[in-house]
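Okay, here's what each chain looks like letter by letter:
Number of protein chains: 2
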Amino acid sequence: MQPDFIFATYRVQDREANLMKRAESIAIGLTVGSWTELPQARKDEVARHCGVVQGVEVYAAGDDGLVWADIRIGYPLANFTETMAALLTTVFGKLSMDGVIRLVRLDLPETYISRFAGPKYGVDGIRERLGVPERPLLMSIFKSCIGQSLDDLRAHFREQAQGGADLIKDDEIFFTEEYATPEQRVIAYHTEAERAYEQTGQLAHYAVNLTGPVTELRQQAKRLCDAGAEALLFNVYAYGLDALREVAADPAVTAPIIAHPAMAGALYAATHHGIAASIVLGQLLRLCGADVAIYPSPYGSVTLQREDGDALLQALREARGHLRISLPAPSAGIFPGLVPALVRDAGRDVIVNAGGGIHGHPGGATAGGQAFRAAIDSVMRGEPLAVAALTSEPLRQALVKWGEGQ
Amino acid sequence: MQPDFIFATYRVQDREANLMKRAESIAIGLTVGSWTELPQARKDEVARHCGVVQGVEVYAAGDDGLVWADIRIGYPLANFTETMAALLTTVFGKLSMDGVIRLVRLDLPETYISRFAGPKYGVDGIRERLGVPERPLLMSIFKSCIGQSLDDLRAHFREQAQGGADLIKDDEIFFTEEYATPEQRVIAYHTEAERAYEQTGQLAHYAVNLTGPVTELRQQAKRLCDAGAEALLFNVYAYGLDALREVAADPAVTAPIIAHPAMAGALYAATHHGIAASIVLGQLLRLCGADVAIYPSPYGSVTLQREDGDALLQALREARGHLRISLPAPSAGIFPGLVPALVRDAGRDVIVNAGGGIHGHPGGATAGGQAFRAAIDSVMRGEPLAVAALTSEPLRQALVKWGEGQ
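Heads up: the protein sequence lines correspond to chains A and B, in order.
18 is the number that the working numbering gives to position 15 of the first sequence; each next residue is one higher, with no gaps.
380 is the number that the working numbering gives to position 377 of the second sequence; each next residue is one higher, with no gaps.
Okay, chain A solo, but in the shape it has when bound (with noise of 0.2 Å):
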């Protein structure tokens, strides 16, 4: 039986002569422990199970005689559970700390995606939610959580939904209950949205800050959906991708999944340990099924190489088996003179994401989304945001204190 492989290509450092030897322990080693020593029958017996060098490329010189190379390996998917803590630690578990080496690539077979639900929403279903068929879809971040009474909060959700937010997030930093639990606030701010509906057309979803044990996550997503949650932010990383993946596929939790990248950078930033951007932020995320994936924008302090940004969006948009497409948020930086190279850059597909560029507009967070809504209704429009800004003041004042985009 020829199994089913997952590839992962790993770039390493390395003496050229060690390559494919190393190659071929990475292949046995992390499958089934021993070959060439095993009589002929129990080879028969463990073929299946047993890793495959697929490649070695030696790209660049590197330091000291070394080389750059490239090593692609097969693990069958005999080897795996449906769990991500299986997939880590079988491609990247002991090898993430053998020297210098980055796992760059993760080609994941159709039989293994099917295993997994993936976005419950994805772009279409979460537009088919917020009522809005079309445009770039704006979030909005509330400046300050922590310390906050309910009412305080309350009024602060109240000037972002004012503005047209179509997604108003938790701080994801933000997971004390000491003035009000999740659930009060999911039930305070829907009054809120309720409220600002009549004056904006668009009902502001809320997504809130999903906390608690790890073990117990299930338990309380459903218990926030319960309680009329819209949308669930999730920072992924803190607490595993598993997480992620048993929550997003629990057929009780009925919110879209907002994945926050806290902790991503941990893993991705450094440039020859770690793993690529495009697999920690796009393919997992996707695969665990995130709706909705924040990461940091091409735009602001906090960025991505072009080409990891690239990929990355590759990753949520392209047909890989069943799987829903993700909304991208790029993220940081984002102010309204921005939206046109947003969707340049990204497509109508994008989620527009604030904190500052909405909370910092002269005219406060109301105006701050108003300047946003404008922007991207301009864009829609096909005509500059400048002539936009003739007839919106929010989107004037915007451009005057930020001014337009790369």
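No lab work stands behind these hints, which were simulated from the structure alone.
Each hint should be verified, as a subset may be incorrect.
Same chains, same names: a pair is fine if it fits in one copy or spans any two.
Straight-line distance between alpha carbons at most 20 Å, and here's what the computed SDA-like set of lysine to any residue pairs gives [stated by the list, open to error]: (1) K225 to R132; (2) K123 to Q317; (3) K404 to E40.
Using the hints provided, position chain B relative to the given structure of chain A.
This is chain B only, laid out in the frame that chain A set:
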């Protein structure tokens, strides 16, 4: 009220003129969100949640007119729940993505540590369970797990148990249950261990890999303990630190937990990004309840910097509130000739953890274990290995094959 703080130290590369502003923006941005523009009454209310800059220290020139500096921020305890997700998201969530930045130190106050159960057994409890009061412990690693029938696995266990191993651990990549469930292995191996006990006088404890969905891990750990599991192996960073914390804190989980470092290299291995190894594999593992911490030894090809290894060992052992001491298991590249170096560097409260150094023995795995036990006894008597090799043929063969250590 003067709040207690968690202090985090970040090593960054930045413009010197930018450092204080950056530090202040971290202290505010990752706590209360805004400060200077607040009215005095609000400041009084939120002060107990507001971060503080404890220090900014430039210590070297960097590239392109930048400097290397340590920024030290205090985060009020009031902002944290008992989850590691709250800790990680706050102190290294967004920041992990913010340019050249590494979390190099975490100072946790006793009031925070007191919220955690820590290791249930620690060094004393594990010694008591194993009936080994003083000498270094020997842990043997299965060479092959995947693709083996239960009969083959059982024979493999028997060989190792007969060599006198105190602990025998699963391969960490063993997730499939195709040929035997973990419960079946626990039961089968226990029978083998009891048989070997009659020969060796040492009852080998089996460390079974704790696998399955993360939200069901506590139940799975309890099931394994009910089936008789004497130790649990756990891939902490493939599942997430909170999974360790919650499993370890559950009173019904009666087995000690051996933390495997799989995936940890993706967090610590880079020089200027990610998180220091002593935090990842020392401080947080102990806080979350690892009785044993496996990490790269200084002797093999997979290593830590010497100072990182020393800091890690200190984090496992230093007096920290009520926390029991975790047992270090410096691993990779361990052979019998290294036992004196291991004890010299890490003391007697150490686990000698070997795979290749046991299975690669010319006389097989049983002789491999015997060679290690002879080396351990020799070190306890304070005599050179060469002397012990006069009366231990397995040790003599091991010294011929691998030599003596560093």
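Do the hints match the structure? See the list:
| no. | hint | result |
| --- | --- | --- |
| 1 | K225 to R132 | within (18 Å within a copy, 41 Å between copies) |
| 2 | K123 to Q317 | within (19 Å within a copy, 46 Å between copies) |
| 3 | K404 to E40 | between (71 Å within a copy, 18 Å between copies) |
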